Amino acid sequence: MLESRWVRWVGPGVIAFGALGSLAAVTQGAGPRSWTPPPCPDPGGPGGIAAAPAPAGLADLNLEAWFRMDPVIDNAGTLRGQRVSLGLDGARSIRTQLLPVESFAAGPFGGIVLVGSDDGARSSLQAIDVAQGCAWSLASEADVIRRATIDPSGQSVYETRVDRATRADLGVWARPLDGSPVRRVLDPIDPDDRFGQTFSTEFGWDPSGQALAVQSCGEAACRTRFVAPNAVATFGALAEPDLGTMIGLKDGRLVGYLACPGFPCPIITTDLTTRARLTLADQAGIGVLVSTQDGPRLVHETFTPAGFALRSVAIDGSGATELGPIADGLRLHATPERAEAATRLPSGWALLAADGRIAPDGPADRGQLRHVPDGASVQLDEVIR
Amino acid sequence: MTINRPIRWLGGALAALLALLAVASSASAHGPDPLLTTQRWNQNQDVRYAWRSGAVPPSAYQGAVNAAASDVNASRGSQAATFGYSAGASSLIGYGVGATCGTLGLACAAPNAPTSFTVWMREQGHVFDWGSLRWCQAYSSWPDGCYDVENIILDELGHVEMLNHHANLSGEPDYLDAVVQTKSRTKPSAGYSTHRFGRCDVATLQVQYDMQSWGAKYSTCLSLATTLAIAASPTAVAKGGTTTLTATLKVADVASYSRLALNPVALRTVTLQRRPSGTSSWTTVGTMPRGSTSGTYTMALSLTARTDFRAVFAAPSDEGLVGSTSPPVTVSVGQ
Chain A
1 MLESRWVRWV
11 GPGVIAFGAL
21 GSLAAVTQGA
31 GPRSWTPPPC
41 PDPGGPGGIA
51 AAPAPAGLAD
61 LNLEAWFRMD
71 PVIDNAGTLR
81 GQRVSLGLDG
91 ARSIRTQLLP
101 VESFAAGPFG
111 GIVLVGSDDG
121 ARSSLQAIDV
131 AQGCAWSLAS
141 EADVIRRATI
151 DPSGQSVYET
161 RVDRATRADL
171 GVWARPLDGS
181 PVRRVLDPID
191 PDDRFGQTFS
201 TEFGWDPSGQ
211 ALAVQSCGEA
221 ACRTRFVAPN
231 AVATFGALAE
241 PDLGTMIGLK
251 DGRLVGYLAC
261 PGFPCPIITT
271 DLTTRARLTL
281 ADQAGIGVLV
291 STQDGPRLVH
301 ETFTPAGFAL
311 RSVAIDGSGA
321 TELGPIADGL
331 RLHATPERAE
341 AATRLPSGWA
351 LLAADGRIAP
361 DGPADRGQLR
371 HVPDGASVQL
381 DEVIR
Chain B
1 MTINRPIRWL
11 GGALAALLAL
21 LAVASSASAH
31 GPDPLLTTQR
41 WNQNQDVRYA
51 WRSGAVPPSA
61 YQGAVNAAAS
71 DVNASRGSQA
81 ATFGYSAGAS
91 SLIGYGVGAT
101 CGTLGLACAA
111 PNAPTSFTVW
121 MREQGHVFDW
131 GSLRWCQAYS
141 SWPDGCYDVE
151 NIILDELGHV
161 EMLNHHANLS
171 GEPDYLDAVV
181 QTKSRTKPSA
191 GYSTHRFGRC
201 DVATLQVQYD
211 MQSWGAKYST
221 CLSLATTLAI
231 AASPTAVAKG
241 GTTTLTATLK
251 VADVASYSRL
261 ALNPVALRTV
271 TLQRRPSGTS
281 SWTTVGTMPR
291 GSTSGTYTMA
301 LSLTARTDFR
311 AVFAAPSDEG
321 LVGSTSPPVT
331 VSVGQ
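As they're listed, the protein sequences go chains A and B.
Counted the way this note's numbering counts, the first sequence spans residues 1 to 385.
Counted the way this note's numbering counts, the second sequence spans residues 1 to 335.
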């Protein structure tokens with residue numbers, strides 16, 4: 001039973017987009033020929049690969065997976081599909097899948113990138129083992145799967161869904177990777193005029209895996225609910241209309257922006273127990289959480305007359321440190337859902353990339369690493385040779 | 001002189017109180033738009049933008065973006081920056097995925113005044129949880145539920161100027177007071193295709209960038225205290241002699257008024273009043289003609305007895321200035 005679950009072909013999740021070849025895409029990078037991953041032979045599923053620890057050092061980056069999503073846009077400016085590019089940081093080859101308009105990619109979870117796609121009738125979810133170049137088909141649902149994530153221990157996939165006809169929120173569903181039944185772990189979020197209709201729902205894990213933040217955002221402001229996966233119970237919510245998108249969750253603190261229309265924007269932490277807030281940055285650009293030997297730190301852009309610079313601060317507000325300017329053309333790589341691109345880095349490092357996203361040709365293309373403890377810079381292509 | 005002092009102090013205290021009230025109203029709902037950033041462009045800075053390479057907006061939308069820039073220039077009501085397209089400019093407007101936007105919103109802005117800015121707009125058909133984005137300009141006949149590119153980019157350029165979202169009253173009866181709004185509207189909701197800044201957008205732009213002229217109207221979203229002083233020259237005349245009374249009208253000197261503080265207020269109606277010294281009832285003499293210096297108003301009168309004068313500026317109904325009355329000045333008359 002379990003074995004057959006993992007060897008289903010991923011065809012339903014990948015739409016043939018031959019016609020897309022004729023489109024004049026706004027996006028850059030590899031051509032429109034679509035890669036169809038073969039099924040992964042491992043009957044154990046993707047959980048073990050998804051739970052792989054982060055790279056210990058720069059020397060381990062070669063085998064780290066990356067992804068980047070790009071819209072495929074016709075000459076009139078209309079979205080006709082999505083393109084996900086996949087690769088390993090140290091490899092030159094890039095695999096590209098063409099996907100329907102309503103698609104997403106998430107991860108990497110260990111060596112796994114989740115790719116969801118909806119063909120207008122069903123939503124499919126596949127777990128791609130980027131290193132092996134194969135995929136497990138995880139789901140095919142009549143409802144629309146909007147986003148998905150894998151818990152840090154690699155045990156379950158969590159999905160947000162909306163109703164196909166009405167686009168009504170259907171809550172969050174857990175899909176154990178051991179084949180146990182799918183169950184809803186979070187109810188649909190209640191309508192609230194302060195936030196308006198929901199534009200996006202995103203996941204954020206505490207690195208311990210003990211807490212999952214589910215953030216539902218209106219046009220500008222966000223509500224966040226928290227799930228304890230082991231207890232399969234919600235343990236709190238933040239619904240304050242001056243709060244914006246999250247950056248990360250760590251040790252009972254949610255780090256995120258206020259509800260801004262762009263940048264610059266304040267970044268604050270909210271203690272989930274006391275609701276106390278602490279401002280970490282008054283006028284920040286892109287921000288990410290970076291683990292260091294001394295604990296998690298917020299690394300964020302600052303705006304200076306000479307251009308962008310980097311600053312870091314511990315999430316308790318202590319130890320603010322200037323990390324120097326950012327070279328022209330580079331930005332701090334944003335969180336995966338913001339950048340629609342990601343790779344994993346060793347503890348203590350932040351990635352700078354053109355336009356704040358992994359380049360179409362992969363992270364090594366102009367990518368630069370900044371060492372958070374001391375501000376030292378390293379060209380990514382120098383460490384993955 | 002000593003008589004005037006407590007009156008001046010009282011006037012100052014009143015101005016400060018009014019200023020506090022104005023600041024209080026801006027901090028709660030229905031005040032001037034709050035600030036997104038403290039970094040300003042230079043006054044009347046001509047900021048040029050270009051299309052982002054690899055993410056060029058389709059031609060159908062470029063016209064609407066340029067129209068939005070013209071809307072800024074026409075409706076800023078202040079010395080805020082102006083915008084216009086120039087190939088090769090350092091400020092970029094892009095279409096499609098932008099790392100600075102995040103997962104929500106129709107478009108986003110990142111000003112870095114006074115150097116440059118970036119704006120991104122989502123692509124037609126972008127799928128949100130609620131459904132697919134439709135830009136009105138993508139259709140020959142605009143369907144209900146579409147967003148007007150020109151209106152949305154006007155909102156974004158408001159952010160670029162430094163405006164944050166307007167704080168609406170409950171139920172949003174004041175939605176049309178600002179284009180820079182948290183929640184955008186679709187056709188056919190009121191305001192979905194507004195193509196000029198609202199009065200509460202303009203209010204903040206005026207505070208931050210100053211007025212285009214001393215005679216220009218202050219936004220009715222403001223409630224600025226004014227100060228009115230009057231002087232006589234000479235202050236003593238022979239019986240039947242003439243004195244010239246000069247009133248000076250200014251915006252009060254309040255820190256939160258930023259660039260508007262102490263502005264001369266010209267081309268308004270200032271009324272001269274008089275009373276025989278030692279009496280309490282004031283009589284209106286008439287409207288004081290414009291003086292030679294901005295914000296001054298003068299009138300010459302011949303006197304036969306010692307007389308007190310004061311100037312009165314009644315709060316206009318069409319702009320955000322609070323009325324004020326000058327302390328009196330006394331002109332002595334000799335035999």
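Hints are computed from structural coordinates only; laboratory data are not their basis.
Please read these numbers as outputs of a predicted model, since none were measured by experiment.
Mixed in with the good hints there might be a few duds.
[Stated by the list, open to error] Derived EDC-like pairs: lysine to aspartate or glutamate, alpha-carbon spacing no greater than 16 Å straight-line:
1) 239(B) - 253(B)
2) 183(B) - 193(A)
3) 187(B) - 144(B)
4) 217(B) - 318(B)
5) 217(B) - 144(B)
6) 183(B) - 192(A)
7) 183(B) - 242(A)
[To be verified] If you want the ones that stay clear, here's a sample from chain B, every Cβ over 10 Å from chain A, calculated:
8) 46
9) 104
10) 106
11) 183
12) 234
13) 239
14) 256
15) 276
16) 284
17) 315
18) 318
Heads up, the beta-carbon is just placed ideally off N, CA and C, and yes, glycines get one too.
Consistency of the hints with the structure:
{"no.": "1", "hint": "239(B) - 253(B)", "in the structure": "violated, 38 Å"}
{"no.": "2", "hint": "183(B) - 193(A)", "in the structure": "holds, 10 Å"}
{"no.": "3", "hint": "187(B) - 144(B)", "in the structure": "holds, 5 Å"}
{"no.": "4", "hint": "217(B) - 318(B)", "in the structure": "holds, 8 Å"}
{"no.": "5", "hint": "217(B) - 144(B)", "in the structure": "violated, 36 Å"}
{"no.": "6", "hint": "183(B) - 192(A)", "in the structure": "holds, 13 Å"}
{"no.": "7", "hint": "183(B) - 242(A)", "in the structure": "holds, 13 Å"}
{"no.": "8", "hint": "46", "in the structure": "holds, 19 Å"}
{"no.": "9", "hint": "104", "in the structure": "violated, 4 Å"}
{"no.": "10", "hint": "106", "in the structure": "violated, 7 Å"}
{"no.": "11", "hint": "183", "in the structure": "violated, 5 Å"}
{"no.": "12", "hint": "234", "in the structure": "holds, 53 Å"}
{"no.": "13", "hint": "239", "in the structure": "holds, 66 Å"}
{"no.": "14", "hint": "256", "in the structure": "holds, 19 Å"}
{"no.": "15", "hint": "276", "in the structure": "holds, 59 Å"}
{"no.": "16", "hint": "284", "in the structure": "holds, 50 Å"}
{"no.": "17", "hint": "315", "in the structure": "holds, 33 Å"}
{"no.": "18", "hint": "318", "in the structure": "holds, 30 Å"}
Hint violations for this structure: numbers 1, 5, 9, 10, 11, all remaining hints satisfied.
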